[in-house]
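As you go down the protein sequences, you meet chains A and B in turn. FYI, in numbering that gives the first Met the number 0 the residues of the first sequence are 0 to 240. FYI, in numbering that gives the first Met the number 0 the residues of the second sequence are 0 to 248.
Keep in mind the hints are simulated off the structure, nothing from the lab. Don't take each hint at face value.
With a straight-line cut-off of 27 Å between C-alpha atoms, the simulated DSS-like cross-links for lysine-lysine are [unchecked claim]:
1) K25(A) <-> K116(A)
2) K116(A) <-> K185(A)
3) K209(B) <-> K14(A)
4) K1(B) <-> K14(A)
5) K116(A) <-> K132(A)
6) K211(A) <-> K24(A)
Derived list of chain A stretches under chain B, where covered just means 3 residues or more per stretch with a C-beta under 8 Å from a C-beta of chain B [to be verified]:
7) 73-81
8) 190-202
From the three backbone atoms N, C-alpha and C, an ideal C-beta is built for every residue, glycine too.
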Amino acid sequence: MIEIRNLYKTFGSLKVLDGLTLTVKKGETFSVLGKSGTGKSVTLKCIVGLLAADAGDIFVDSVRVDLRDRKSLFSIRQMIGFLFQSGALYDSMSIRDNLIFNLTRHHKVRHNEADEKAVHYLTLVGLGRSVDKMPSELSGGMRKRAALARALVIEPRILLYDEPTTGLDPITSAEISDLIREMHSKFGITGIVVTHDILCAGIVSDRAGVLKDGVLKYTGTLNELAETRDEDVKGFFRNPL
Amino acid sequence: MKRVFEQIYALTAFSLRFFREVFLPPYEFGEFAAHLENFGSRSFPLVSVIGLLMGLILALQTKPTLARFGAESFLPAMVAISVVRELGPVITALVVAGRVSSGIGAEIGSMKVTEQIDALEVSSIDPYRFLVVPRVMAGTLALPLLTAYADLLGILGAFAVMFVSGGMGWQLFMSSTIASLSVADIVPGIAKTFFFGYIISMVGSYFGFKATGGTEGVGKAATTAVVFASFLILITDFVLVKVGILLFE
């Protein structure tokens, strides 16, 4: 479903990705773990075409991500939902309108139908009573839920999560992680979750990998990763950053 | 120095993109109307005060000098020509730049640092077409109207000074004003405000898109947008005055 082959990305003299290779199967949720600044978010942004890789290939549903080919990029983005670290809700619109906007603009859904869908997905994430609130009126956890509803409302086949629990208290983090797991089971979504929250990874992922020195080291189930002898990976599990 | 040229090159490329994007669908009529209101209607009170003060101050300052030479009757012509050709367009543009350019810089900058622009991109909505094109169109069309309004108020301000000091009645003032103005005064004065309006919105949008680094970056984008827009307005005015002289005189 998602295949990354030998991905390279540098910013000036800083080498971030150094031949990253990853395959995520259909319906699978893969967590990319790693310290801050190791290129986790960069990987996601390359998949969705927000950043251009220096070299390497990315295939989403066998379609190659090519920033020069706007048509194929558009078709890739049609099937991807993206949960940004900050939520990235449009702050000039209510959360209901945030969802309607994406549907009517991106997926050519009529306004009435879009409105029904928006309320449905906001209810699904527990925001049924807050549909007309502005993003600034929401707490951090509610904002993440609203952003998740906005990502889900386009009924994507793939969901990419950039630090879905960052900045949340442990209880809300667990709630959001459970919600992600539930949505993936319910809709059969393929997902990549970038996180340094080991508890979140434990709840949402089928497999995980640790990103270090620009490549994914040690992929497997979370239990397999925890048992590895590598000091860096063990340290990560001892002191999740 | 290299960075300055890189900045100018990037701003030029960003600005020229407008002329390609403006003709491509989807057309953002709703956004255009909203920004027209923001740029135009909401600038009205500020422009009203500035326009009136411009005429009042100009008349108050020049009246004693003209009176010394017995040329008080030339005051309506002097004010009208100064306001319509130069002061109205430039002062209105600078004042609106302070309000609108910084606003656009802060608004788009805030969207940039909170990943809202990335969210638009991921939703296959072209951020340039959605955020920049309607703002620049609104700015380009609204400023000439605001300037014409400010010019009118400036002339009325000058009349108020003349009337209060007992120097001139309404009919004489207006006939003198109208007689002094020609197409060569009005057309270049209004025409250059299309450029100023374009600069105000475009510079604000550019620095908004360039914003990085959280709230500090947003503040910097807003401030730099005003400074750069004001600078470009004055440079453009100089060039257009030269062109106006060549074309009309």
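Status of each hint after checking the structure:
1. K25(A) <-> K116(A): Cα-Cα ~25 Å, so holds.
2. K116(A) <-> K185(A): Status holds; Cα separation ~16 Å.
3. K209(B) <-> K14(A): Given that 27 Å is the threshold and the Cα spacing comes to 23 Å, the pair holds.
4. K1(B) <-> K14(A): holds (25 Å)
5. K116(A) <-> K132(A): Distance ~17 Å between K116(A) and K132(A) Cα, so the pair holds.
6. K211(A) <-> K24(A): holds (22 Å)
7. 73-81: With 5 residues closer than 8 Å to chain B, the stretch 73-81 of chain A meets the three-residue bar; holds.
8. 190-202: Per the Cβ count (0), the hint is violated.
When held up to the earlier numbered hints, the structure conflicts with hint 8 and nothing else.
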